[in-house]
Every structure is written in C-alpha cells, then in structure tokens.
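*Asks:* Read off the chains here:
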Amino acid sequence: AQSVTQLDSQVPVFEEAPVELRCNYSSSVSVYLFWYVQYPNQGLQLLLKYLSGSTLVESINGFEAEFNKSQTSFHLRKPSVHISDTAEYFCAVSKSQGGSEKLVFGKGTKLTVNP
Amino acid sequence: KAGVTQTPRYLIKTRGQQVTLSCSPISGHRSVSWYQQTPGQGLQFLFEYFSETQRNKGNFPGRFSGRQFSNSRSEMNVSTLELGDSALYLCASSISGERYEQYFGPGTRLTVT
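From first to last, the protein sequence lines are chains A and B.
Quick note: the first sequence uses our numbering, first residue 89, plus one each step.
Quick note: the second sequence uses our numbering, first residue 225, plus one each step.
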C-alpha cells in the first residue's frame, strides 16, 4: 500500500517570499507523484506530475518539485509567491503499474500568502 | 472543451435516506474515479471505473456503490445515509493510459442531518 505524509498542515508566508511545501511518501512499488491545488469551493487542479525522466518538474505558474527517490520525497517549491497562490495543496501518489489510476493523497497543506 | 461536471452541486439529506450523485466526464475520457473529502479524513478514494467496469475500490462500506454507463457518465449511490457521510464528493476523469492526468469536477457537497 502507498501512503503520503505532508509534514505541514498550514504554511503562512509573506508575498514575494520563497516557499517549500514538504511531501514524503511510502510505497513498496514504484509510483508516480503529483501535486494538486484546491482553491476555495472548487475541485482539484493538477499542478505538476512526475512520471519518469528528469527528477525536477516545473509548472507553468512558477512552481517546481523535485523527486528524490532515496529520501522518498517530492517537495514543492516556489521562489516568490503571490497572493493568488493562497490555496490548499495536496501531494498524491499512484502506482506506476497495474492499470489503476487510483490516487492516494496526503492530508494537504494550506498555504496562506499575506501582503 | 467542457470540464468535468457534477450534479447536484449541493444536497441536504436526512439520516437513513439514500442519495445518487452524477458525474459527466470530459468528452473522450473513459476513466472515472470518485473521492470523498472530509476535514478529518482528507481525500479518500472510493472507486474507479473504466469502460463500465469497476477497476478499483477503496475501503468504504457496501452502502457506497457506483456504476458507469456506456457514454462514460458515472453515478455513485449512498444508501442508508449516516451523519458521517457528510462530505464533498469529487469525481475525476482521465483518458487513461500513459498520461495519468486526472481532471476533477467541482464536487457535490452532501450534508446529512
């Protein structure tokens, strides 16, 4: 079975400051890794994913995440945050084989960007 | 291209009743998954359907059931509602295959009183 741990339930930062949201996973099989974002009263939106290849993946709005197999981590970072980045962020894993696309989510990290 | 739609968006039911939620995936998507989101338990996988067949099922009681139709639309049903079933129910669709990109709908907010 897979499990995901998001170490921080809430992260407050000031606008234009850097941020890192931490994610660790546990799995006995190889996995794909994802970060989703949820704005208030909305569904989840895929932010970025790691399937294979380069361990550093980037999103179109400045976020990046690095897959570290030895530390079983997939931390999300952004060098300079905006007010509009205020949302809840979820890390998730999915088995890379077997056909199912079931996602196992962490508990989420609420990012609050203050002016 | 229209996104994933879920109906109804909000629902209030009484304990003991049953409820049916609907999900229309993005056109061309054949895989539909359902998740329950609560403040205490977070996001939990309910079930996944592909080409009208249940491909995977989470650890929920038999009161929770689902199905998928030939046009890929999906429904989930919860019978004998309990207060603890109050949650946001999210549906996600994907093409299925190598891209592993699930697109989520806005959810149905179910309140059980």
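Calculated from the structure, these hints are not laboratory results.
Beta carbons: idealized from backbone N, C-alpha and C, even for Gly.
Any given hint could turn out to be false.
Subject to a maximum C-alpha distance of 27 Å in a straight line, what follows is the list of computed DSS-like cross-link-like pairs (lysine-lysine) [as the list claims (entries may be wrong)]:
hint, chain 1, residue 1, chain 2, residue 2
1, A, Lys137, A, Lys157
2, A, Lys157, A, Lys183
3, A, Lys198, A, Lys183
4, B, Lys237, A, Lys137
5, A, Lys195, A, Lys137
6, A, Lys137, A, Lys198
7, A, Lys195, A, Lys157
8, B, Lys281, A, Lys183
9, B, Lys281, A, Lys195
Pair by pair, the computed Cβ-Cβ distance ranges are [to be verified]:
hint, chain 1, residue 1, chain 2, residue 2, range
10, B, Lys237, A, Pro128, 19 to 25 Å
11, A, Leu144, B, Leu307, 21 to 27 Å
12, B, Arg254, A, Gly141, 22 to 28 Å
13, B, Ser275, A, His170, 40 to 46 Å
14, B, Lys281, A, Val117, 40 to 46 Å
*Asks:* Determine for every hint whether it applies to the structure shown.
*Replies:* A quick look at each hint next to the structure:
| no. | hint | result |
| --- | --- | --- |
| 1 | Lys137/A to Lys157/A | holds, 15 Å |
| 2 | Lys157/A to Lys183/A | holds, 15 Å |
| 3 | Lys198/A to Lys183/A | holds, 26 Å |
| 4 | Lys237/B to Lys137/A | violated, 37 Å |
| 5 | Lys195/A to Lys137/A | holds, 18 Å |
| 6 | Lys137/A to Lys198/A | holds, 19 Å |
| 7 | Lys195/A to Lys157/A | holds, 21 Å |
| 8 | Lys281/B to Lys183/A | holds, 14 Å |
| 9 | Lys281/B to Lys195/A | holds, 20 Å |
| 10 | Lys237/B to Pro128/A: 19 to 25 Å | holds, 24 Å |
| 11 | Leu144/A to Leu307/B: 21 to 27 Å | violated, 45 Å |
| 12 | Arg254/B to Gly141/A: 22 to 28 Å | holds, 26 Å |
| 13 | Ser275/B to His170/A: 40 to 46 Å | holds, 42 Å |
| 14 | Lys281/B to Val117/A: 40 to 46 Å | violated, 19 Å |
Checked against the numbered hints above, the structure violates hints 4, 11 and 14; every other hint is satisfied.
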